[in-house]
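Line order of the protein sequences matches chains A and B. Letter by letter, the first sequence follows residues 1 to 429 in our numbering. Letter by letter, the second sequence follows residues 1 to 429 in our numbering.
Treat the hints with care, as some may be off.
As the list makes no split between identical chains, a pair holds if one copy fits it or if it spans any two.
As the list claims (entries may be wrong) - Listed below are the simulated EDC-like cross-link pairs for lysine to aspartate or glutamate, each with C-alpha atoms no more than 16 angstroms apart in a straight line:
(1) Lys402 - Asp300
(2) Lys57 - Glu46
(3) Lys167 - Glu194
(4) Lys20 - Glu72
(5) Lys167 - Glu310
(6) Lys243 - Asp98
(7) Lys26 - Glu72
Everything labelled a hint here was simulated from the structure, so no lab data went into it.
The residues making up each chain are set out below.
2 protein chains.
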Amino acid sequence: MMKDRFASRVDMLSPSPIRKMMAIAKELVAEGKTVYELNIGQPDIECIPEFAKAINKKASTGQINYSPYIGEKYLRETYARYLNHYFDRRSVSHLVVDTENILVTVGASHALSNTFLAICNPGDEVLVIEPFFSPYIGYLALAGAVLKSVPTYAENHFALPSDEEIKRHITPKTRAIMFNSPNNPSGKIYSHEEVERLARIALDHDLYIIGDEVYREMILGDQEAVSLLQINFSREEDNEKFKDLLIVIDSASKSFSLCGVRIGFVVSKQSILEKIALVNAHSVACVSDLLQFGVAGAYDAVLSQPDYLEKLRQTYRERLEAAMKAIADFLPEVVAPRPSGAFYLMIKFPQFEDINEFCYFMLEKFNVGGETVAVTPAHAFYLDPRRGRNEIRIALVVTPEKIRKSIRIMAEALKAYRVFKGNQTRPCL
Amino acid sequence: MMKDRFASRVDMLSPSPIRKMMAIAKELVAEGKTVYELNIGQPDIECIPEFAKAINKKASTGQINYSPYIGEKYLRETYARYLNHYFDRRSVSHLVVDTENILVTVGASHALSNTFLAICNPGDEVLVIEPFFSPYIGYLALAGAVLKSVPTYAENHFALPSDEEIKRHITPKTRAIMFNSPNNPSGKIYSHEEVERLARIALDHDLYIIGDEVYREMILGDQEAVSLLQINFSREEDNEKFKDLLIVIDSASKSFSLCGVRIGFVVSKQSILEKIALVNAHSVACVSDLLQFGVAGAYDAVLSQPDYLEKLRQTYRERLEAAMKAIADFLPEVVAPRPSGAFYLMIKFPQFEDINEFCYFMLEKFNVGGETVAVTPAHAFYLDPRRGRNEIRIALVVTPEKIRKSIRIMAEALKAYRVFKGNQTRPCL
Numbered sequence: 001m002m003k004d005r006f007a008s009r010v011d012m013l014s015p016s017p018i019r020k021m022m023a024i025a026k027e028l029v030a031e032g033k034t035v036y037e038l039n040i041g042q043p044d045i046e047c048i049p050e051f052a053k054a055i056n057k058k059a060s061t062g063q064i065n066y067s068p069y070i071g072e073k074y075l076r077e078t079y080a081r082y083l084n085h086y087f088d089r090r091s092v093s094h095l096v097v098d099t100e101n102i103l104v105t106v107g108a109s110h111a112l113s114n115t116f117l118a119i120c121n122p123g124d125e126v127l128v129i130e131p132f133f134s135p136y137i138g139y140l141a142l143a144g145a146v147l148k149s150v151p152t153y154a155e156n157h158f159a160l161p162s163d164e165e166i167k168r169h170i171t172p173k174t175r176a177i178m179f180n181s182p183n184n185p186s187g188k189i190y191s192h193e194e195v196e197r198l199a200r201i202a203l204d205h206d207l208y209i210i211g212d213e214v215y216r217e218m219i220l221g222d223q224e225a226v227s228l229l230q231i232n233f234s235r236e237e238d239n240e241k242f243k244d245l246l247i248v249i250d251s252a253s254k255s256f257s258l259c260g261v262r263i264g265f266v267v268s269k270q271s272i273l274e275k276i277a278l279v280n281a282h283s284v285a286c287v288s289d290l291l292q293f294g295v296a297g298a299y300d301a302v303l304s305q306p307d308y309l310e311k312l313r314q315t316y317r318e319r320l321e322a323a324m325k326a327i328a329d330f331l332p333e334v335v336a337p338r339p340s341g342a343f344y345l346m347i348k349f350p351q352f353e354d355i356n357e358f359c360y361f362m363l364e365k366f367n368v369g370g371e372t373v374a375v376t377p378a379h380a381f382y383l384d385p386r387r388g389r390n391e392i393r394i395a396l397v398v399t400p401e402k403i404r405k406s407i408r409i410m411a412e413a414l415k416a417y418r419v420f421k422g423n424q425t426r427p428c429l
Numbered sequence: 001m002m003k004d005r006f007a008s009r010v011d012m013l014s015p016s017p018i019r020k021m022m023a024i025a026k027e028l029v030a031e032g033k034t035v036y037e038l039n040i041g042q043p044d045i046e047c048i049p050e051f052a053k054a055i056n057k058k059a060s061t062g063q064i065n066y067s068p069y070i071g072e073k074y075l076r077e078t079y080a081r082y083l084n085h086y087f088d089r090r091s092v093s094h095l096v097v098d099t100e101n102i103l104v105t106v107g108a109s110h111a112l113s114n115t116f117l118a119i120c121n122p123g124d125e126v127l128v129i130e131p132f133f134s135p136y137i138g139y140l141a142l143a144g145a146v147l148k149s150v151p152t153y154a155e156n157h158f159a160l161p162s163d164e165e166i167k168r169h170i171t172p173k174t175r176a177i178m179f180n181s182p183n184n185p186s187g188k189i190y191s192h193e194e195v196e197r198l199a200r201i202a203l204d205h206d207l208y209i210i211g212d213e214v215y216r217e218m219i220l221g222d223q224e225a226v227s228l229l230q231i232n233f234s235r236e237e238d239n240e241k242f243k244d245l246l247i248v249i250d251s252a253s254k255s256f257s258l259c260g261v262r263i264g265f266v267v268s269k270q271s272i273l274e275k276i277a278l279v280n281a282h283s284v285a286c287v288s289d290l291l292q293f294g295v296a297g298a299y300d301a302v303l304s305q306p307d308y309l310e311k312l313r314q315t316y317r318e319r320l321e322a323a324m325k326a327i328a329d330f331l332p333e334v335v336a337p338r339p340s341g342a343f344y345l346m347i348k349f350p351q352f353e354d355i356n357e358f359c360y361f362m363l364e365k366f367n368v369g370g371e372t373v374a375v376t377p378a379h380a381f382y383l384d385p386r387r388g389r390n391e392i393r394i395a396l397v398v399t400p401e402k403i404r405k406s407i408r409i410m411a412e413a414l415k416a417y418r419v420f421k422g423n424q425t426r427p428c429l
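Generate coordinates for the entire structure from the input sequences, incorporating the hints supplied.
If you want it as structure tokens, here you go:
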């Protein structure tokens with residue numbers, strides 16, 4: 001039987017380039033090098049102090065216990081309140097979320113992998129708008145399911161293609177349409193019209209619609225993100241049917257700078273949630289009660305600090321401005337569309353065929369006074385192997401000064417890389 | 001496509017009876033009732049204070065970050081040191097475990113579900129010695145794989161059947177043999193001869209062998225548990241081949257009273273671990289760095305407190321004695337084989353055909369001065385639906401006094417149940 005030592009799904013899994021870069025960067029940092037880690041969406045911003053307070057309070061009891069597999073009631077209540085409050089403050093019409101509509105997971109990753117295991121049989125397909133967060137492929141692969149991409153293009157501001165074009169990708173195997181807004185990596189925020197179109201297609205074709213809304217609060221300009229929870233069809237029977245298709249994914253990682261707590265949420269109808277929760281129960285048994293307690297403390301604190309999110313947005317806007325200015329100053333040849341949300345920047349280097357080698361060169365073989373930069377080659381964000389080959393993604397997760405410095409280092413690295421490549425192609429001694 | 005709204009694997013998942021009882025008990029406690037929760041292996045013992053210290057230190061930095069998907073190096077190093085030290089102290093020959101042999105997961109549940117997703121294709125089978133921890137069925141179901149059981153019997157001290165009997169269950173679909181020692185629920189500790197026999201069968205049939213060793217340290221009598229890491233064949237080539245089959249599952253939950261941190265481990269050869277780690281990466285992205293920091297603190301502290309485990313064992317031994325005495329005093333009609341390890345007791349009620357209803361009656365409809373007891377009906381620990389129907393499992397997770405009280409309440413509940421059933425069968429007015 002050991003002809004194949006591993007399940008065939010494992011062949012579909014590979015470490016994401018984000019994570020590969022992270023591993024190399026961590027080693028270099030351990031060796032004493034300074035690495036500006038723009039390769040991973042790991043904010044340097046300190047989490048809200050109420051998180052630590054809540055954690056300390058719970059840890060000090062010495063009682064760290066199993067939790068219900070759907071999540072602790074106090075966190076589900078607090079998060080439901082937070083979500084309703086978020087939309088209410090902006091005075092937008094939305095589906096009211098109740099405690100029963102919330103499942104707690106080990107981050108948004110687990111929210112997605114649980115969801116796919118609950119809704120996809122082997123061979124099933126999920127449509128995703130491209131570019132997309134590359135680990136989606138692996139989350140689907142755990143269920144034996146396959147990602148199919150609907151391409152969008154920077155030249156066209158990543159606009160959603162026509163209904164006809166999207167429907168062309170739907171097959172009898174399609175189970176769900178998925179989109180991520182604000183988008184990682186492109187920064188695109190889907191307009192109300194675009195989100196409604198996706199919702200309508202899902203409704204007409206009886207497909208689940210999955211909104212990865214982990215960057216909902218991260219707005220870099222004037223355009224707010226539209227949640228699936230805001231979709232309101234004119235016919236009441238459509239709205240009722242839509243509730244059987246709607247799955248929202250969320251996380252405490254980005255808006256609360258709590259990537260390392262691994263707390264995420266699935267928001268959906270109770271009958272759907274119960275099935276996803278059973279997968280959760282047989283994946284991790286339950287989520288840490290200690291972390292749920294801490295994260296509830298963080299959400300609770302933000303609820304009473306109405307300017308918390310505005311300050312956070314302001315921080316990222318300043319970083320974006322610093323990045324745009326530094327690019328204009330040091331990398332005049334690149335194309336870098338201004339993102340509307342999330343906290344990434346896609347940078348295209350027209351002079352490159354393939355930028356992958358340069359990224360590793362810069363990290364491993366180059367430094368300016370012991371300092372260098374980790375970035376993510378962007379090809380992984382596309383299913384089409386021809387796309388993204390001369391693009392990188394940087395995350396705006398360090399101070400404006402460090403971002404400016406990083407981009408200057410990048411410009412120096414480009415010069416050094418030209419010399420390095422030139423030397424490589426010279427004949428041997 | 002929405003004929004089947006959910007993946008077919010979901011049909012194989014059901015809330016474990018342990019968890020069902022937990023949910024009811026929690027509600028009753030919230031209503032003010034006192035419930036002795038003997039239904040779940042959730043120790044009441046406070047975790048080691050160094051855990052809280054480490055957690056507080058890390059949380060106070062405000063930096064809660066992504067972790068490598070194989071786990072943080074400091075925790076993997078500390079745990080490897082702990083494991084080697086554990087065997088060394090008892091002067092038993094064992095495979096030395098290195099940092100590279102350790103994967104950190106979200107508890108032993110996740111260690112198992114990740115492992116099954118990495119090694120089992122849909123339709124594959126895993127042999128498990130019965131009785132077994134019932135969620136195994138669901139962990140396997142996530143991978144589309146099926147559990148097959150090799151029955152053992154209390155009358156025979158749960159002795160491992162003959163090689164011939166075990167081999168009878170092996171088919172071309174079998175991928176692994178799995179056992180849990182000390183065993184939940186039976187308390188059985190497999191002898192060196194038994195573990196070696198299982199290892200030899202795995203070797204001869206080229207099957208993975210998975211040892212669920214989460215209760216390794218929980219010894220209630222004189223017999224120590226034998227780890228798969230202690231198996232040493234006479235031929236060196238067998239030992240080498242065995243390394244390609246060996247998978248040990250462990251957890252911080254039981255020995256360190258840290259069920260709610262959800263930190264588990266897979267111990268295996270690096271080439272196997274890398275594949276399981278890829279599943280981990282696409283399930284939860286990574287394990288919380290905060291919790292890994294805390295758990296490393298706990299393991300580190302135990303390493304410098306050589307009597308920690310002996311004290312813990314003494315605590316559970318006193319509880320077992322209290323339980324055995326109370327059973328003799330209040331439930332003379334039951335059969336309760338003395339467990340050798342773990343911290344459970346299986347109690348057979350010969351007067352019952354099916355004890356399920358009684359368990360729910362006791363919890364929901366009965367109390368003595370506002371106090372009652374939650375226990376787990378044992379049928380779920382068997383695959384054969386005829387087995388375990390008149391058995392319950394209790395966990396020795398409260399003080400000796402509370403255990404005695406609980407068993408007295410059980411005896412009272414039995415009397416009340418007889419009256420309740422008698423009334424039910426009387427003709428209506």
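Under a CA distance limit of 16 angstroms, which applies to Lys57 and Glu46: within one copy, between copies, both, or neither?
Answer is between: at 14 angstroms across copies they meet the 16 angstroms cutoff, but 19 angstroms inside does not.
Between the shortest in-copy and the shortest cross-copy C-alpha distance, which are at most 16 angstroms for Lys167 and Glu310: within, between, both, or neither?
This pair counts as neither: shortest intra-copy Cα distance 38 angstroms, inter-copy 65 angstroms.
Classify it for me, Lys26 with Glu72: is the Cα-Cα distance of at most 16 angstroms met within a copy, between copies, both or neither?
For Lys26 and Glu72, only the inter-copy Cα distance (11 angstroms) is at most 16 angstroms; the intra-copy one is 34 angstroms.
Within, between, both or neither: how does the pair Lys243, Asp98 come out at a Cα-Cα threshold of 16 angstroms?
So Lys243 and Asp98 pass the 16 angstroms test inside one copy only (13 angstroms; across, 50 angstroms).
Between Lys402 and Asp300, at a C-alpha cutoff of 16 angstroms, which is it: within one copy, between copies, both, or neither?
For Lys402 and Asp300, the Cα distance exceeds 16 angstroms both inside one copy (32 angstroms) and across copies (37 angstroms).
Classify it for me, Lys167 with Glu194: is the Cα-Cα distance of at most 16 angstroms met within a copy, between copies, both or neither?
within (14 angstroms within a copy, 59 angstroms between copies)
Reference check for the pair Lys20 and Glu72, CA-CA at most 16 angstroms: within, between, both, or neither?
Classified as between: cross-chain Cα gap 15 angstroms, same-chain 34 angstroms, threshold 16 angstroms.
This entry does not satisfy hints 1 and 5, going by the numbered hints stated previously.
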